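Student: Sequence:
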Amino acid sequence: MRTALTIAGSDSSGGAGIQADLKTFQAHGVFGMTAITAVTVQNTRKVYDIQEIAPAIVKGQILCLFDDIDIHAVKIGMVSDVALIDAIAEALGQVDRPPVVLDPVMISKSGYALLKEAAQQALIDRLFPLAEVVTPNIFEAERLVGHPIASIAEMRTAARGILDLGARKVVVKGGHSGGAQATDVLYDGQTYRELTSPRYATTNTHGTGCTFSSAIAANLALGHSFFDAVARAKTYISGAIRNALDIGRGHGPTHHFFDLYARAGLADSVSQASPSSLADPEE
2 MRTALTIAGS DSSGGAGIQA DLKTFQAHGV FGMTAITAVT VQNTRKVYDI
52 QEIAPAIVKG QILCLFDDID IHAVKIGMVS DVALIDAIAE ALGQVDRPPV
102 VLDPVMISKS GYALLKEAAQ QALIDRLFPL AEVVTPNIFE AERLVGHPIA
152 SIAEMRTAAR GILDLGARKV VVKGGHSGGA QATDVLYDGQ TYRELTSPRY
202 ATTNTHGTGC TFSSAIAANL ALGHSFFDAV ARAKTYISGA IRNALDIGRG
252 HGPTHHFFDL YARAGLADSV SQASPSSLAD PEE
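In our numbering, each number is its position in the sequence shown, counted from 1, plus 1.
Hints listed in this document are in silico derivations from the structure and should not be mistaken for laboratory results.
Predicted, not measured: the structure shown is a model, and the values here were computed from it.
In this text, a Cβ means the ideal position worked out from N, Cα and C, and glycines have one as well.
It is possible that some hints are incorrect.
What the hints assert, rightly or not - Result set (DSBU-like, lysine-lysine): computed pairs, CA atoms no more than 30 Å apart in a straight line: (1) Lys60 to Lys47; (2) Lys60 to Lys117; (3) Lys117 to Lys47.
Stated by the list, open to error - Here are the simulated distance ranges between beta carbons: (4) Gln122 to Ala57: 35 to 45 Å; (5) Val40 to His225: 28 to 38 Å; (6) Ala263 to Phe32: 17 to 27 Å; (7) Glu118 to Tyr49: 13 to 23 Å; (8) Ile58 to Tyr262: 14 to 24 Å; (9) Asp69 to Gly30: 14 to 24 Å; (10) Ser226 to Gly94: 31 to 41 Å; (11) Lys117 to Thr192: 14 to 24 Å; (12) Thr192 to Leu267: 37 to 47 Å; (13) Gly30 to Arg194: 23 to 33 Å; (14) Asp71 to Gly147: 14 to 24 Å.
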């Protein structure tokens with residue numbers, strides 16, 4: 002069985018972080034493992050607090066898994082400070098590293114800072130060179146390259162700029178741009194591609210960025226190429242948003258097992274969102 006490791010924070014509401022990653026891996030038939038970087042106090046409304054895990058424990062989680070299990074892809078999500086970033090970089094530098102997908106999580110949907118300002122340069126210097134794919138949203142890409150992004154052309158320029166920071170391949174996600182369609186820009190250093198999907202009328206988009214990046218990791222673990230893995234992940238996250246779950250009083254989660262529910266004849270128990278310009282396909 003193919004396997005994948007997520008190095009990320011825990012979401013107590015179950016919609017994002019390692020919980021979303023594990024559900025996504027399982028939905029793709031990939032066995033998931035975790036190295037937890039932080040425990041968050043959060044629900045569908047907001048993040049209330051974060052407790053980082055000791056860097057030595059994070060490093061130990063990673064190394065003990067690689068020592069025992071063949072790992073076919075790694076996804077890195079929330080890493081809040083320099084010490085954690087250093088621990089992850091040191092651990093991944095000591096192993097036979099599979100493709101790494103780095104989701105540079107910087108701020109929660111409710112506005113809580115998830116990456117300390119002083120840690121951004123460490124993220125670039127230590128983890129970008131280890132990553133096969135980096136997946137910033139528009140706001141994260143703007144922060145990385147230092148200029149606003151308001152068009153597909155500017156998304157392309159940002160993708161090239163992020164490659165110059167040390168990444169090998171980039172997906173600039175267009176979920177926060179306006180309009181009825183959401184377009185992502187993919188760049189591998191030679192070729193640009195654009196993937197477009199409808200925007201759905203739902204506010205239940207908690208964890209979409211985590212889910213999208215872990216879907217890319219799962220597809221890389223399954224042996225798909227970069228462009229194919231991202232296209233498959235885009236199809237998956239669009240279905241998960243279209244079938245999003247109305248759980249909680251804030252931003253509910255996407256439905257990670259929508260396809261399984263449909264095949265099991267349970268699709269009628271989940272309402273589907275209609276295409277609209279109201280929702281963000283990816284965080």
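Student: Take the hints in turn and mark each one as holding or not.
Tutor: Hint check results:
{"no.": "1", "hint": "Lys60 to Lys47", "result": "holds, 28 Å"}
{"no.": "2", "hint": "Lys60 to Lys117", "result": "holds, 20 Å"}
{"no.": "3", "hint": "Lys117 to Lys47", "result": "holds, 18 Å"}
{"no.": "4", "hint": "Gln122 to Ala57: 35 to 45 Å", "result": "violated, 22 Å"}
{"no.": "5", "hint": "Val40 to His225: 28 to 38 Å", "result": "holds, 32 Å"}
{"no.": "6", "hint": "Ala263 to Phe32: 17 to 27 Å", "result": "holds, 23 Å"}
{"no.": "7", "hint": "Glu118 to Tyr49: 13 to 23 Å", "result": "holds, 20 Å"}
{"no.": "8", "hint": "Ile58 to Tyr262: 14 to 24 Å", "result": "violated, 36 Å"}
{"no.": "9", "hint": "Asp69 to Gly30: 14 to 24 Å", "result": "holds, 21 Å"}
{"no.": "10", "hint": "Ser226 to Gly94: 31 to 41 Å", "result": "violated, 25 Å"}
{"no.": "11", "hint": "Lys117 to Thr192: 14 to 24 Å", "result": "violated, 35 Å"}
{"no.": "12", "hint": "Thr192 to Leu267: 37 to 47 Å", "result": "holds, 40 Å"}
{"no.": "13", "hint": "Gly30 to Arg194: 23 to 33 Å", "result": "holds, 25 Å"}
{"no.": "14", "hint": "Asp71 to Gly147: 14 to 24 Å", "result": "violated, 40 Å"}
The structure shown violates the earlier hints numbered 4, 8, 10, 11, 14.
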